[in-house]
Structures are given as structure tokens and as C-alpha cells.
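Asks: Using the hints, position chain D against chain R.
Listed below are the residues making up each chain.
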Amino acid sequence: MTSPLLQVENLKVHFPIKKGILARTVGHVHAVDGVSFELEKGETLGIVGESGCGKTTAGMAAMHLTQPTAGRVFWKREDMGKMSPARFRALRKEMQLIFQDPYSCLNPRMTVNRILSDPMDVHGQYRGKERKERLAFLLETVGMNPDLGSRYPHEFSGGQRQRIGIARALALNPSLIIGDEPVSALDVSIQAQIINLLKRLKNQFDLSLVIISHDLAVVEYLCDRIIVMYLGKIVEESDYASLYRDPKHPYTRTLMSAIPVPDPFRKKERIILKGDVPSPINPPGGCRFHTRCPDKMKICEQGEPRMRDFGPGHRAACHLYGDA
Amino acid sequence: MVDNFSAPLLSVRDLNTWFFSRKGTAKAVEGVSYDLKAGQVLGVVGESGCGKSVTAQSIMQLVPDPPGKIVDGKILFHGKDLIPMSREEMRHIRGNKIAMIFQEPMTSLNPVYTIGDQISEMFTLHKGYGKKQAMEAAADMLEKVQIPSPHKRVHDYPHQLSGGMRQRAMIAMALSCNPEILIADEPTTALDVTVQAQILDLMSALKEEYHTAIQMITHDLGVIAEMADQVVVMYAGRVVETADTRALFKNPLHPYTLGLMRSIPVLGRRTAGEHTDLAEIQGMIPSLYDLPQGCKFSNRCSHASDICETAEPELAEVEPGHKVRCWLHSSPKHSDRREKRS
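Those protein sequences? They're chains R and D, same order as listed. Just so we're aligned: the first sequence equals residues 1 to 324 in my numbering. Just so we're aligned: the second sequence equals residues 1 to 342 in my numbering.
Isolated chain R (complex conformation) (with noise of 0.2 angstroms):
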């Protein structure tokens, strides 16, 4: 067995929500509640889910940009909630983001240079004359002309943007790199070319990935394992190609079957929902689909389902496989 590079186990997130002049706490947001994956060397996870379902908080989390309420995260099988705060700085070099919104993740005072020359400053590394070169390789590898370092962001349209955001998630030679939604603010044409340029490099460069996407379409394009998010909890894991030919769970299902396909020959059923996601601070008891799910049966108010195995790395947890 490989060793994975990244480990999440059973990681909780709750938000207070306070009130009153005492601030006093009179509720939790379980923005993520319990979820458990790993990331091996190398590979490219999805997460996928509508908006709410915890998708980016377990993403933060599983960086501890966020601090998580309970559960561990294990980075090369070291406990990161117990690292010397020297350690966890260090560590910082190896895990890079990327945003979904090019115009506001970079500082419009600082010319492309600066931004990219910023994590080489916090970490103290490629000085002197390296930086120049650096900056250089930078660009180009992302797809730009390396004289256009002197610019501006506002100069450059949201698909070159992205590409500096690329940049500078890359300026440190990371090992990991999470995309919270990085191509859905882009127009449909230039989507493609960020989709091509992150496959691009995570060969180039060895890197593992974490897309976080509400698009179970570009997921299936970028990624080899998908994790399927709502509200809070996986209820669905697989490689992608078992997933996209199997869907064992009916939220899954729900999810294909909404997205438009843009073939008007192919007529499909699609599943309507009924209602609205519930609200993460009062989620609803035993299956948290259980209020809009189309295949509800008694059990699925009570019992919460467990994760079953359907073939190697595929689990969903759903009550329709005749879980006691």
C-alpha cells in the first residue's frame, strides 16, 4: 500500500451562531460533520456538492486554514493538529490554493511580480538572482508572456488571472494544490483552456489535487477519485468512472440527472427535487436526504445509513442497500 499524502478522519466543523449583546452561542452551523478521506501522492480528488453542502469548509479544513471542531488530519502521517507552530509554517510551502474569483484573490496595488514574489518572501526562498528567473518560469509555465510581470491585475481578462493565481499557487513548488470552484467564473471558452492547463501541470509538476466544484461535469474531466458532499457528509465515493456509470446514491443520481446535457437528441429523465437544502444549523435526523430523497422508505427518518462498499473504492451510504 501506498502511503497517502494526506488523511482526514472523521473532521468536524461547527460554527457558533451567537446572538444578543452577551454574544451568547445559540446554535452550531454543522458546516462539515464527520467526514473522513485520503489523498494519495499524485492523484486528483473531487469534491463536489451544491452550495452549503460543506465542500470548501472541509477543503479549508483538511488545510487547517480553518480550524476544524473535532477529528485529525494527518499530512504524511504526521498529526498537523499537534505540529510546533515552526513545523506548520514550514509545512505551509507544500500546500497551495487556488480561488474561484481571479478578480478579488489578487492585491490590484501589486504588479504580477510582487504577487508572485510574495510566498517566496514569507519562506525566504529563491533570492537574488534566482527570483528573476523564477518569476520568469512562472509565466511561461502558466501560459504568459513573462514581460507582462510588471503589470497590474486589472490589465489582464479573468482567464489570464487565473492563470496568475495558478502562478502563484505553483511559486513554491507545492506537493498539494486545493481548487476551490477554479473555473466557474470563467467565461465557457476559457474555461477549457484552465481545465487543459491544470491536467497540464499536475503531470509537469507531480502534483496532487483537490478540486472543490459544484460541477459534476468538469470534476469528471479533471479528476480520478470523487467524494459527493451533502450537507456535511459524503454520501458517496468512487473513482470517477464508477461513479458516472453507476451512481449508487439517489442524491448522486439526482445531481447527474440535473445537469442540462447539451445534445437536444438525447431525451432524459430528469429527477426534479422537491424544495430547497435544508439548513445545515438544524440538519435533519437519520439520513440527511431523507426530506427531498425520491427513494425515502421508513427506515431513512430513523437510522442514519453507513458507508457500504460496492466494488474497490466505491462506497455510498444509503439505506436502499438494505442497511440494518
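Honestly, the hints are just simulated from the structure, not real lab data.
Here are the simulated distance ranges between beta carbons:
1. R/H123 / D/T271: 36 to 44 angstroms
2. D/H159 / R/D239: 40 to 48 angstroms
3. D/Q133 / R/D246: 50 to 58 angstroms
4. D/H159 / R/H28: 15 to 23 angstroms
5. D/R87 / R/H28: 48 to 56 angstroms
6. R/G27 / D/P67: 45 to 53 angstroms
7. R/G27 / D/G273: 47 to 55 angstroms
8. R/G27 / D/R91: 44 to 52 angstroms
Predicted, not measured: the structure shown is a model, and the values here were computed from it. Note that the Cβ used here is the ideal one computed from N, Cα and C, for glycine as well.
Replies: Just chain D now, kept in the frame of chain R:
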């Protein structure tokens, strides 16, 4: 089925909407023409800056002036031009005969009025209902768009509703006067996929019930394939291709349309092993202040030849109902020459 021979309900003819600023003139819409027939769903596809929203704003006479201005063209509604109409006449049509819904339901609903107030305004304004009667009608509309307990919900403020419910409320407002045309500008872009499916389903059902013609503006070819009867593809302020939906997807002619179709990840394709790499359209969308000469797509087109860089092709009919603006298809001489070379 849509009757192809009936007179169009709305005809946009050679529309030019330009924006004047210190940087120069941005021709956001240049020479756009298309027809919308009764009961039809017309899909307008394009990326940001292609002029699809400005075209809709021009129809509604909502172009911010200054800096924008409709400099030329006609917008014929039942054969009558909307552009020279007075504000008073236009107010009678807007919301009443032609209604519009927007991408961001939160920003287009007024946060300080209840949704009941905002929907009932349509009835007091256009139908002369009394206050009580209008509120009753508003609740009925909410029921039609499947909002649970509508009589309670009319007293809610927009922030108390979820994104999907707000979009439902917007649709209720837009349909309250039973308009002949509904212009939907990216109505589901801000919504989750399962909610998007609900809203698209609702729009299809309401279209059947009210026989409303819909102009659906979107960047999502999936939404187009599921909803539209007819498609207009726009690029840099122009119509580059138009056809009925099936013909367009079966036989896309413009390199831009083809590029768009090949560049989107389609669910299930990688799993089916059809192809694993997305084809990219090179380069980026040009600025409206700095468009290429000749064909506006020439700087990103893999088929571009000399003529594409110097002269702009016309929108030419290649097959009945299928028009394309491309030198590959509009000049027989040119295409002969290409074939000989290759």
C-alpha cells in the same frame, strides 16, 4: 410544435446599440437581426461581452443612456417599432406585454418591500386592481410557481427566501400580467443544479400553460439544448450563427460555435471513453474597443485565412433557416480555394 410560417411576434432588425466613453465607442451590439415567434423558445448563446444582454436591454428600452444609445435599427413588436415610442407607451408594454427576469434575483428584487408588495404592484399598475385584490392575485401567482404556503409568503421580504424561491418570485412577477414575451437573462446561472432543474421545469410548464414566447439568454449550451427551439449564437456584438436547435447541434457551421461545443465538459463523456481532452479556443475574447478587422473571430479561429482578416463576412443562409457569418460558408469561390489548397 411551433408554426414556422406565422408572422414573428418580435423582430429585431439591424440593431446597433453602442456605448460612448472616453476610451472610444464600444459597439456592444452591431447589426443584430432575429425573429421570435409566438410560443417559441429562442436561445441566445454567447460569452461575456458578446452583446446578448445589451440586446435584451435594447428590447426593453433599458439601455443606460448615457453612455449607451440605440443608434440604428428597429425592434418590431407585432409589427410596431418600439424604439421611437414615448416613455409612457413603453411603460405600458414593459412588464405588461414583454417581461424580463434577471440572473441575480437578490439584486433585482427590492429588499425593503415584501414580495407581495412587489408582485401586486404589477396588478395595480397594469390592470388597475385594488390593493386587496392585487395582493390576492399575487398570492395566486406564487402558488402557480409552486411556492409553498403562498398566503404567508407574500408577507416575506426577499432576504427571507432562498435563491431558488427568489427566482420563482421573479418569475411570478414577470408572468403576472400574462406577457406575450418573457426575456430571461441567465435565469439559472446563479442557482444550484438541482434548483436549476426545478426552475427550467417550471418555465417549460408555464410556457405550455400561458403560451408565452421566451427569449432565453445563457452561456450554457446544455440549457439551450434542453429548452430552445431556435438558437442565436453571438460573438463580439454580432450574430455569427442561427438555426433551429437540432440543426445547430447536428451541424454547427461557424468555427466559434464548433469551438464552444468542443470546449465544454459533457457529463459522462470521459467515462464513456469518447474523448478525454477538451479542445480549447485559443486566445481570449477581444475587447470591444479593440476588435480585429474583418471577421471578429479571425484572431482566434484555426481556419482563418487572408480574407478573414480584411473583410467581414455577411450572415448568409446556407440551408433553409440555417444562417452563418463565415467566409468558409458564404463565398463559394473562397471555399473552393481552400479545398484545393488542402
